[in-house]
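Read top to bottom, the protein sequences are chains A and B.
Per my numbering, residue 17 is the first one in the first sequence, and the count goes up by one each step.
Per my numbering, residue 17 is the first one in the second sequence, and the count goes up by one each step.
Accuracy of the hints is not assured; some may be wrong.
Pairs involving identical chains hold if they fit within one copy or between any two copies, as the list cannot separate such chains.
With a straight-line Cα cutoff of 25 angstroms, these simulated BS3-like cross-link-like pairs (lysine-lysine) come out [what the hints assert, rightly or not]:
1) Lys159 to Lys128
2) Lys79 to Lys170
3) Lys71 to Lys137
4) Lys62 to Lys128
Bear in mind the hints are in silico, worked out from the structure with no lab data behind them.
2 protein chains.
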Amino acid sequence: MKYPAGSKTVFTKKEIDYSNRGMNLEEDINLSNEYYRSIDKAYIYKKPTPIQITKVDYPSRNKAVIKEAYFLEPSTTDYNGIYKGKYIDFEAKQTSNNTSFPLSNIHKHQIKHIENVIRHKGVAFLIIRFTRLNETYLLEGEKLIDYINNNTKKSIPHSYFLKNATLLKNEYRPRIDYLKIVDEILEVDKK
Amino acid sequence: MKYPAGSKTVFTKKEIDYSNRGMNLEEDINLSNEYYRSIDKAYIYKKPTPIQITKVDYPSRNKAVIKEAYFLEPSTTDYNGIYKGKYIDFEAKQTSNNTSFPLSNIHKHQIKHIENVIRHKGVAFLIIRFTRLNETYLLEGEKLIDYINNNTKKSIPHSYFLKNATLLKNEYRPRIDYLKIVDEILEVDKK
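Bound-form chain A, shown alone (with noise of 0.2 angstroms):
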């Protein structure tokens, strides 16, 4: 992105870190998952986002083009799928913090999203990235409601990941091999 001399970026809001491309964690989770299929081992699909349509366009027949649409919050996470006859649900996201992970990233309605698939025997997580770190986290669904159960801060500490999620390597395919951890945890749960 480029802006004119004296212009400035006004994303401060943004996790996201454009800069540099080979390092987002979407597109990574996105390659891991077509992997996944690819071998016929998990079908697990990135939700499309979820957007309002207020005016849309047909300048010719079969051919509609979307004029106005607004983005909505999500009430749920954005993979979902299934792995070993389970079904799984996550979130992923991105924080250039180095300390610690707000927990504003993670809608109400998510949080309540992976209360729900816990209570109903589904495996829910998180995988986090530290960008500046280039650390990226599996953090599972009851470490996380655990932490926002006993806690009143609005973000999660660094070293509660270091004690309580498990550091996810950077690999070549898949580029994020979180199904072994899940595997890990059906084994203990035997879920």
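Keeping the supplied structure of chain A fixed, place chain B upon it in accordance with the hints.
Then chain B, alone, in the frame of chain A:
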């Protein structure tokens, strides 16, 4: 929708009957899913419509308006979620046809997706409404795949539904109690 005198509807390919909103299948299913969530029975959601966003305006800080976007072909089915610890996945379609359900309503990707879900031990099915007959059926994924593999026809005759699918009653709450049939499937398959 009102058209000026002399004009006529060009949406001849659309199967959705907008003239009777109360009969809309998508609405019935969304309300049923809301009801299931409200009684903590199942967490099944409709996925947002997949679109490709090509232009976004930011008229003010934190307010984005999509100014150009296009509909994409879905790679999965529209509905998925969790029920009794099981992965649930289905597509819902209505047809104004009286004698058969045109398979052109289901994309190839979606059929492949249903096969994948079955192979990985999820519960996959179609909910099909014949709007003029006011009949709604749940057709198990396995029966859909069977039909496709053993027939060259481009549509599934109504008689196939009579023999192989389960008729869903219109009720008050939930509008369509499709999980009752899923219970039977789970019981038979001991999934």
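Going through the hints against the structure:
no.	hint	in the structure
1	Lys159 to Lys128	within (14 angstroms within a copy, 35 angstroms between copies)
2	Lys79 to Lys170	between (46 angstroms within a copy, 24 angstroms between copies)
3	Lys71 to Lys137	neither (40 angstroms within a copy, 40 angstroms between copies)
4	Lys62 to Lys128	both (19 angstroms within a copy, 17 angstroms between copies)
The structure fails hint 3 only (numbered hints given earlier).
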